[in-house]
Amino acid sequence: LFAKASLGGIGVDGLFYGGGVGLLVDQFVGVIAVGAFTLVLALIVWTVIKAIFGLRVDQETETTGLDITEMGMEAYPSESPLG
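Numbering (my numbering), first residue to last: 13 to 95.
Any given hint might turn out to be false.
Claimed, not checked - FRET-style restraints, in silico, Cβ to Cβ:
(1) Thr50 with Gly23: 41 to 51 Å
(2) Ile22 with Tyr88: 26 to 36 Å
(3) Val41 with Pro89: 37 to 47 Å
(4) Thr75 with Leu51: 51 to 61 Å
(5) Val37 with Lys16: 17 to 27 Å
(6) Thr73 with Leu27: 31 to 41 Å
(7) Val57 with Leu27: 49 to 59 Å
(8) Gly20 with Met83: 53 to 63 Å
(9) Gly84 with Leu36: 34 to 44 Å
(10) Leu51 with Phe28: 41 to 51 Å
(11) Leu27 with Lys62: 58 to 68 Å
(12) Ile61 with Met85: 53 to 63 Å
No lab work stands behind these hints: they were computed from the structure.
This one's a predicted model, so the numbers in the text were calculated from it and none came from an experiment.
Heads up, the beta-carbon is just placed ideally off N, CA and C, and yes, glycines get one too.
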């Protein structure tokens, strides 16, 4: 938007200096490309984690609670002042 060819850089004026929307379109294309790349990589990582470790614990662990299953004690005992 504020690029000025006379100040150096890539030698093109931005939108506010009469250079048109070319630089702005280039920025939008860059944002879309980075977003698509991130989405694809995140899906690949998610699929690998799902295949190797799984995304959920078993039903018994879910019912009992992860605090008891992993730590052997309740995180918030019912007799605590907060419970």
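Evaluated hints:
In this structure the supplied range 41 to 51 Å is violated for Thr50 paired with Gly23, their Cβ-Cβ distance being about 30 Å. For Ile22 and Tyr88, the Cβ-Cβ distance of about 58 Å falls outside the hinted range of 26 to 36 Å, so the restraint is violated. Val41 and Pro89 have their C-beta atoms about 56 Å apart, which leaves the hinted 37 to 47 Å range violated. Taking the beta carbon of each, Thr75 and Leu51 are about 34 Å apart, not inside 51 to 61 Å as hinted.
In this structure, Val37 and Lys16 meet the distance hint of 17 to 27 Å, their C-beta atoms being roughly 18 Å apart. A hinted range of 31 to 41 Å for the beta carbons of Thr73 and Leu27 is inconsistent with their spacing of about 56 Å. Between Val57 and Leu27, the C-beta spacing of about 37 Å breaks the proposed range 49 to 59 Å. Range check, Gly20 to Met83: about 59 Å between beta-carbon atoms, so the 53 to 63 Å window is met.
Here the CB-CB span from Gly84 to Leu36 is close to 58 Å, at odds with the stated 34 to 44 Å. With their beta carbons about 32 Å apart, Leu51 and Phe28 fall outside the hinted range of 41 to 51 Å. In this structure the supplied range 58 to 68 Å is violated for Leu27 paired with Lys62, their Cβ-Cβ distance being about 44 Å. Remark: the range hint 53 to 63 Å for Ile61 to Met85 is contradicted by a beta-carbon distance near 28 Å.
Taken one by one, the earlier hints fail for this structure at numbers 1, 2, 3, 4, 6, 7, 9, 10, 11, 12, listed in ascending order.
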